[in-house]
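Peer 1: The chain contents come next:
2 protein chains.
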Amino acid sequence: MIRLYGMTGSGNCWKPAVAMKMLGIAFDWTEIDSVGGETRRAPFLALNPNGRVPLLQLADGRLLAESNAMLCYLAEGTPLLPPPGYERAKVLEWMFFEQYSHEPYVATVRFWIHYLGKREEWRDKIAEARVKGYAALAVMETALGKTAFLAGETFSIADIALYAYTHVADQGDFDLTPYPAIRSWLARCEAQPGFEAMR
Amino acid sequence: MIRLYGMTGSGNCWKPAVAMKMLGIAFDWTEIDSVGGETRRAPFLALNPNGRVPLLQLADGRLLAESNAMLCYLAEGTPLLPPPGYERAKVLEWMFFEQYSHEPYVATVRFWIHYLGKREEWRDKIAEARVKGYAALAVMETALGKTAFLAGETFSIADIALYAYTHVADQGDFDLTPYPAIRSWLARCEAQPGFEAMR
Chain A
182 MIRLYGMTGS
192 GNCWKPAVAM
202 KMLGIAFDWT
212 EIDSVGGETR
222 RAPFLALNPN
232 GRVPLLQLAD
242 GRLLAESNAM
252 LCYLAEGTPL
262 LPPPGYERAK
272 VLEWMFFEQY
282 SHEPYVATVR
292 FWIHYLGKRE
302 EWRDKIAEAR
312 VKGYAALAVM
322 ETALGKTAFL
332 AGETFSIADI
342 ALYAYTHVAD
352 QGDFDLTPYP
362 AIRSWLARCE
372 AQPGFEAMR
Chain B
182 MIRLYGMTGS
192 GNCWKPAVAM
202 KMLGIAFDWT
212 EIDSVGGETR
222 RAPFLALNPN
232 GRVPLLQLAD
242 GRLLAESNAM
252 LCYLAEGTPL
262 LPPPGYERAK
272 VLEWMFFEQY
282 SHEPYVATVR
292 FWIHYLGKRE
302 EWRDKIAEAR
312 VKGYAALAVM
322 ETALGKTAFL
332 AGETFSIADI
342 ALYAYTHVAD
352 QGDFDLTPYP
362 AIRSWLARCE
372 AQPGFEAMR
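Chains as they are written, first to last, in our numbering: chain A, 182 to 380; chain B, 182 to 380.
Warning: the hint list may mix true and false statements.
Which copy is meant is left open, because identical chains are indistinguishable; a pair holds if it fits in one copy or across any two.
List of simulated lysine to any residue pairs, SDA-like, C-alpha gap at most 25 angstroms [stated by the list, open to error]: (1) Lys-202 x Glu-268; (2) Lys-299 x Lys-313; (3) Lys-306 x Ile-294; (4) Lys-306 x Val-216; (5) Lys-327 x Arg-243; (6) Lys-313 x Gly-218; (7) Lys-202 x Asn-229; (8) Lys-313 x Leu-226; (9) Lys-299 x Thr-220; (10) Lys-327 x Ser-365; (11) Lys-313 x Tyr-296; (12) Lys-313 x Arg-221; (13) Lys-306 x Thr-289; (14) Lys-313 x Gly-217; (15) Lys-299 x Pro-285; (16) Lys-202 x Gly-333; (17) Lys-327 x Asn-229.
Source of the hints: derived by calculation from the structure; they are not laboratory data.
All chains, full assembly: derive it from the sequences and hints.
Peer 2: So, in structure tokens, the structure goes:
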């Protein structure tokens, strides 16, 4: 059976889990204490030299890192990933946007505040990251003012990728009140068959 | 004809350009002064609300952002991207690794030093980013000690994605001397038919 190494509460780890639930793929979950440093110790580094969760282990033992690569692998041939062409490229565009322009700010500020309790101590670097997090949310708001989902009118793994940390942005003190299109989209994601939010 | 909006010297912009050259796809290049702020002004933001190059415009006018999404789109059905399955997933794993764990450090330090001239002024934040850049290079070194290319024995768009900023890492004062597997791999990339390095 597929095994997913992950940390509960991590949006990146939630992504492949929810995709497998939506697609009816059975898997086992192995909890890894990423905050406690378990991903940077030898036993885990032997599985993933990049020292991060999630990590997916296929039934035959082969390993795959990077949450969004997992989403592409799992969703191939399903309605969650359009066939090759422009629409698929837009799904990938949003997934690379997520890892470069959104996660490093929206998820990281949440991590600093919610997990590390550094709201006051790291006020300056939080303020700097917050500007970029809101910039990413503004890009999403513009897109979601035009289409029901990020890559068009159909729910896809791009929505899973961006939902992950957007729906817990408040735990990083991000205020979604001025982003009505994002808030409606969060609700549309939650209404998908089999969808389970992280909280 | 396809149009690529990009900045000369940007590894992210080089990626789709070299892929199109290798695949024999004709395109026009529109130079965008990203360092001078052109990507953050209204005319460009109307094309890409995320305010970044590269930006690909298809012959029919449709737009695509994110260099690695472009690579996937352009390489579909060619030897540069394996068919759906585990090998393709590994290509994507490296491309997400590139945007999350490599580019923000290796490319960013180069940008601060080579373009902005901040080697002394930003010494502390450069030192912090350098640790993470070397960590990414170490992950590559481990992988390239086992296989000829990043995702296996075949050159793919994962190699284009990682070559981009690795081959100019010295412009960010990264020393590749202790990374012999990376240095051999750079030479193997350069020996690919039609391959043109950024410099």
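Peer 1: A separate judgement is required for each hint: does it hold in the structure or not?
Peer 2: Here is how each hint holds up against the structure:
Within a single copy, Lys-202 and Glu-268 get their C-alpha atoms as close as 24 angstroms, and across copies as close as 23 angstroms, so both meet the 25 angstroms cut-off. For the homomeric pair Lys-299 and Lys-313, the shortest alpha-carbon distances inside one copy (18 angstroms) and between copies (21 angstroms) are both at most 25 angstroms. Proximity of Lys-306 to Ile-294 under the C-alpha cut-off of 25 angstroms is found in both arrangements, the shortest distances being 12 angstroms within a copy and 21 angstroms between copies. For the homomeric pair Lys-306 and Val-216, the shortest alpha-carbon distances inside one copy (20 angstroms) and between copies (23 angstroms) are both at most 25 angstroms.
Taking identical chains as interchangeable, the C-alpha atoms of Lys-327 and Arg-243 lie at most 25 angstroms apart only when they sit on different chains, with a minimum of 15 angstroms there against 40 angstroms within one chain. Taking identical chains as interchangeable, the C-alpha atoms of Lys-313 and Gly-218 lie at most 25 angstroms apart only when they sit on different chains, with a minimum of 16 angstroms there against 27 angstroms within one chain. Taking the shortest alpha-carbon separations for Lys-202 and Asn-229, only the intra-copy value of 24 angstroms comes in at or below 25 angstroms, while the best inter-copy value is 34 angstroms. Taking the shortest alpha-carbon separations for Lys-313 and Leu-226, only the inter-copy value of 16 angstroms comes in at or below 25 angstroms, while the best intra-copy value is 31 angstroms.
Taking the shortest alpha-carbon separations for Lys-299 and Thr-220, only the intra-copy value of 22 angstroms comes in at or below 25 angstroms, while the best inter-copy value is 33 angstroms. For the identical chains of this complex, Lys-327 and Ser-365 are intra-copy neighbours only, at 12 angstroms inside a copy versus 47 angstroms across copies, given an alpha-carbon limit of 25 angstroms. Within a single copy, Lys-313 and Tyr-296 get their C-alpha atoms as close as 20 angstroms, and across copies as close as 21 angstroms, so both meet the 25 angstroms cut-off. Taking identical chains as interchangeable, the C-alpha atoms of Lys-313 and Arg-221 lie at most 25 angstroms apart only when they sit on different chains, with a minimum of 13 angstroms there against 28 angstroms within one chain.
Taking the shortest Cα distances, Lys-306 and Thr-289 sit within 25 angstroms of each other both inside one copy (11 angstroms) and across copies (17 angstroms). In the homo-oligomer, the alpha carbons of Lys-313 and Gly-217 lie at most 25 angstroms apart only across protomers (19 angstroms), although the nearest pairing inside one protomer, at 27 angstroms, exceeds that limit. When the C-alpha separation of Lys-299 and Pro-285 is checked against a cutoff of 25 angstroms, the pair qualifies both within a copy, at 16 angstroms, and between copies, at 23 angstroms. Taking the shortest Cα distances, Lys-202 and Gly-333 sit within 25 angstroms of each other inside one copy (23 angstroms), while across copies they are farther apart (30 angstroms).
In this assembly of identical chains, the alpha carbons of Lys-327 and Asn-229 lie at most 25 angstroms apart only when taken from different copies (15 angstroms versus 39 angstroms within one copy).
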